[in-house]
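Please construct the entire structure, taking both the sequences and the accompanying hints into account.
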Amino acid sequence: MSKKPRSMTIGALAKAANIGVETIRYYQRRGLVAEPDKPYGSIRHYDDQALARLQFIRTAQWLGFSLDEIGGLLTLQDGTHCDEARVLGGQKLAKVREKISSLRRIERTLEGLVQACCTEQGDVKCPLITSLYKGVEENTS
1 MSKKPRSMTI
11 GALAKAANIG
21 VETIRYYQRR
31 GLVAEPDKPY
41 GSIRHYDDQA
51 LARLQFIRTA
61 QWLGFSLDEI
71 GGLLTLQDGT
81 HCDEARVLGG
91 QKLAKVREKI
101 SSLRRIERTL
111 EGLVQACCTE
121 QGDVKCPLIT
131 SLYKGVEENT
141 S
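All residue numbers for the sequence shown refer to the UniProt record's numbering, where the first residue is 1 and numbers rise by one.
Worth flagging that the hints you see were computed from the coordinates, not collected in a lab.
Check each hint, because a few of them may be wrong.
Pairwise CB distance ranges, derived in the manner of DEER restraints [claimed, not checked]:
no. : residue 1 : residue 2 : range
1   : Leu132    : Gly20     : 17 to 23 Å
2   : Pro39     : Leu132    : 55 to 61 Å
3   : Asp83     : Thr109    : 17 to 23 Å
4   : Leu76     : Ile100    : 24 to 30 Å
As the structure is a prediction and not an experimental result, all values here were calculated from the model.
Built from N, CA and C at the ideal position, the CB exists for glycine as well.
So this is what it looks like as structure tokens:
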């Protein structure tokens, strides 16, 4: 028994993908999602492939890929470009690791500033606010 393909309006597609209609239109303008032909006197209909493509885009965004990068990944979707996809994935992983390292530095800096706020007494200005004026990186390097 084969499953009958769905035919959805843009509103139904948006609901199924859990995104807005305008987001789909934006993706169409960016060339990430095809705009189906509009039958004379009727409305456009989208199929399960359009839904799968939107899910691909959303998942890639969640992994940190930009829309431009996603466009590049979509050109590799036939499954025969694994080496190229691996390179793109490796580049993204390196950027994520850099960001994590940066976030850890920010965490240590904030932790120190918050602790300094808890220990300061008297007429001393708030160390956190003072550091923000001076530039936190200068004070914690």
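Okay, the hints, checked on the actual structure:
no.	hint	in the structure
1	Leu132 with Gly20: 17 to 23 Å	37 Å, violated
2	Pro39 with Leu132: 55 to 61 Å	59 Å, holds
3	Asp83 with Thr109: 17 to 23 Å	40 Å, violated
4	Leu76 with Ile100: 24 to 30 Å	26 Å, holds
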